[in-house]
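The whole structure should be built from the sequences, with the hints applied where relevant.
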Amino acid sequence: MRKEFAKKFFMGTLAFFLGFVAMANFIHALGIFLLELGPEHLPFSIVAVSGLVLLYSVTNAIAAEKMKADKLFAAAILFFIVNYVALLFLHIGEFAHSFYFFVIAFLVMWLHEGLLTQFTSSIFTPLQSKRYLPFVLGFMNLGLVLGALFAEPYKLIHEFLGIGTLAIAGLFVVLILITIVGRKFKYELTKTLHEAHKSSLFDEIKKGGIYLFGESKLYRLLMIVVILFVGLHISIDFKLKTVLGENFGHGILTEILGLVYMVRSLGAWLISTMLVRRLLFRYGVSNMLIFFPASVLAVTLIASLMGLTYPAVIAVFLVFSLSHFSYYEICLSQMLSVVPEEFERGVHFLIHGLFYSLGMIGFSLILLLYTNDIALESTLNTGVILAVAALLIPISIRMKRLYFGQLKANLNSQDEFLKLQSIDLFSEASSIKSGEPYLRRMLELPTLEGNVKARVIGSLGGIGNAQTIVDLTKILEQDEDPKMKLEAIHAINMIIQTAKRLDAVPVTKHYLLRTYEKVLLSGMPAYVKSEVIAALKYFDLEDVMSFLELHLRDKDVQIQQNVLKTLATFRDRGIIPYLEPFLDSKYLELQSESITGLWQFEEMRIKVLPRLTGLLASNDPKAVECTLSILGSIKATWDKEYVHEQLENGDEHLQLHALVTLIELGDTEHTELFTQKLLGYVQQDEMKELDFALSHYRNFPDSVRNNVVKLIQEMSDEESSALLQAFRDSKFVFSTEIAALSVG
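If you count by our numbering, then the sequence shown holds residues 1 to 744, one letter each, in order.
Read the hints as simulated data drawn from the structure, not as lab findings.
Values in this document were obtained by computation on a predicted structure and should not be read as measured data.
Positions of the beta carbon are idealized from the N, C-alpha and C atoms, including for glycine.
It is possible that part of the hints are untrue.
Straight-line Cα separation of at most 25 Å, DMTMM-like style, residue types lysine to aspartate or glutamate; simulated pairs [claimed, not checked]:
#1 K677 / E648
#2 K217 / D203
#3 K677 / E664
#4 K622 / E589
#5 K483 / D556
#6 K509 / D540
#7 K483 / D584
#8 K184 / E714
#9 K731 / E718
#10 K710 / D424
#11 K68 / E714
#12 K8 / D70
#13 K635 / E603
#14 K518 / D471
#15 K453 / E480
#16 K408 / E344
#17 K483 / E517
#18 K677 / E714
#19 K622 / D584
#20 K68 / E341
#21 K635 / E689
If you anchor each label on the Cβ, the simulated ranges turn out as follows [said to hold, decoys possible]:
#22 H91 / F213: 47 to 53 Å
#23 Q684 / A63: 42 to 48 Å
#24 R401 / D203: 29 to 35 Å
#25 E718 / L448: 28 to 34 Å
#26 S716 / P437: 41 to 47 Å
#27 Q684 / K622: 19 to 25 Å
#28 P701 / G307: 53 to 59 Å
Put into structure tokens, the structure is as follows:
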């Protein structure tokens, strides 16, 4: 935990300084550029930066084969430092000096987020990146906000110490932090390096180009979208700087620029942390890409009608950049996630490197055509923004269709990775109409098995409906694999939870209950039957009462225990007559379930308290185990002392049960010890204890389960592989854990 905190601390600090330096220096350089050189020279600077971005893309792709991520990042920061040092000593004339300063500041501002994301992804596993990258980028945005806020004092200090001095100091801090991370977390960096590529970068680009231009309409369109988005970015950014340069003089320009970029950074941070995940899941990647140019087009049209005053131009800039810097890159990465592995590196380089840079150069050359005439610029540049935004909408709609076509084609692919990726992408809420029928059809394939079948069933749980439940009941009736039955039960539970009730489709509800009864009467293992009984809590009590009453008389104590547990979930006083008789059962397990169920009713506590007190006073191992189960279920935080005492018990099983109970009572600091217990059981082949631990683990809160996965990822390769295999071999379904631990 300390190591994980240290990683987050160093990366957050590094991100903050990089964001602060990038923004403060950029605003200062932009102010000097607009005041001394004029907006008409901006396209020349964009051409220069575009060339440097292209050069960086090529050198980064080549160097990535031989250098670790920390060395690549350090080399880029050193390049910036060397150029800022040169600014202090070069005497090349005021015009050239201001131009040079702005180009370097512009380059840092253009690349800083990509550099930081690439480095962060190299020291965190993919699952950790999803969890911690927003944290790191949050600190970067905080640096951007403060950099914009302190742009004016930053400018005054620069004028006193010399241009580039503070940038050098800030980048040296970043360089020191990179070195610390590189040394302190050397193992992680080494572990996450890709294996040496079997072919050269040229061969990779050649293969990617053949796929891009010969086979994939989707990625050809995506390439065009990237080029047009870059053009939109450059045109809107140029419009903002031109309008502000015209309207504000030397005394206030830096403050206005600082305020605009501060609002942008703060807004992007808030949207990315609070809304992006919900929006992407609710509306889907392709729909969000369509929304992007549509919103820009609408606001630009309104701004044109208002006369393109500087508040209207600022509004256009904010609408564009808030979307661009909060979810655009995420959408691109999602759409690029289904590139076949053999073409992936080449396609990524061509789209994100080569054509991204060429798009910058092309649109900056277009700007050169009209920047000498401000009146002409006001008309033409606005026209370019409107034309590009309007063009992007039909292209994005066409790309959406191709994207879903690609996903559907991948469902029949021989490549399991592409299959699994596409199934996951189909589980967006926006894919209900187009994705759900295809996934249901996959269930009918006789060749579907293993991870792919489990992923299909799990995804249907996210986007399914009443008809889907009917298809999933076929798994319960026909599939002989207990894991598939468990996965189907979980998926059905998810659908019922989403639908809230099944009263609107009584035929489905009746059919499902009949299917559950067949499973209970079958030869399936007891843990599958337990899941069936537990699933009855998602129905109305009157629908399942006769069903539960029947199985309450079952001769199998485990079945009776599960029925009592399910009855307790209804929180209806009508269950009291069914629970109360078991207070006198000869089986302690049934007594404990009765106590747990009746505890929720205040008037019954006076009756069950003596029974609980008797169990607490007993030293019989069975009584202790039942007592721990009760304390965990009723959240008896007032009696943690008893649980801690059992943690010191000489009985290994009771120690484990006490540990599980403490976690259930909210003592998550014991998560690391629990993870070590899991590893010990795997290494010692203690299957009984491992099964017990995993049966409780699957009911832990998501935060605890995520923490366990994170701790496993920090173990050695041998240890994490052993636990991964344990999850795979378990009779329970751990799709999330298997997916997370299988990567990297």
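Structure-based check of each hint:
no.: 1; hint: K677 / E648; in the structure: 14 Å, holds
no.: 2; hint: K217 / D203; in the structure: 21 Å, holds
no.: 3; hint: K677 / E664; in the structure: 16 Å, holds
no.: 4; hint: K622 / E589; in the structure: 8 Å, holds
no.: 5; hint: K483 / D556; in the structure: 22 Å, holds
no.: 6; hint: K509 / D540; in the structure: 11 Å, holds
no.: 7; hint: K483 / D584; in the structure: 36 Å, violated
no.: 8; hint: K184 / E714; in the structure: 14 Å, holds
no.: 9; hint: K731 / E718; in the structure: 22 Å, holds
no.: 10; hint: K710 / D424; in the structure: 21 Å, holds
no.: 11; hint: K68 / E714; in the structure: 19 Å, holds
no.: 12; hint: K8 / D70; in the structure: 16 Å, holds
no.: 13; hint: K635 / E603; in the structure: 18 Å, holds
no.: 14; hint: K518 / D471; in the structure: 16 Å, holds
no.: 15; hint: K453 / E480; in the structure: 13 Å, holds
no.: 16; hint: K408 / E344; in the structure: 19 Å, holds
no.: 17; hint: K483 / E517; in the structure: 18 Å, holds
no.: 18; hint: K677 / E714; in the structure: 15 Å, holds
no.: 19; hint: K622 / D584; in the structure: 16 Å, holds
no.: 20; hint: K68 / E341; in the structure: 21 Å, holds
no.: 21; hint: K635 / E689; in the structure: 23 Å, holds
no.: 22; hint: H91 / F213: 47 to 53 Å; in the structure: 48 Å, holds
no.: 23; hint: Q684 / A63: 42 to 48 Å; in the structure: 45 Å, holds
no.: 24; hint: R401 / D203: 29 to 35 Å; in the structure: 32 Å, holds
no.: 25; hint: E718 / L448: 28 to 34 Å; in the structure: 32 Å, holds
no.: 26; hint: S716 / P437: 41 to 47 Å; in the structure: 45 Å, holds
no.: 27; hint: Q684 / K622: 19 to 25 Å; in the structure: 24 Å, holds
no.: 28; hint: P701 / G307: 53 to 59 Å; in the structure: 55 Å, holds
This entry does not satisfy hint 7, going by the numbered hints stated previously; all others are met.
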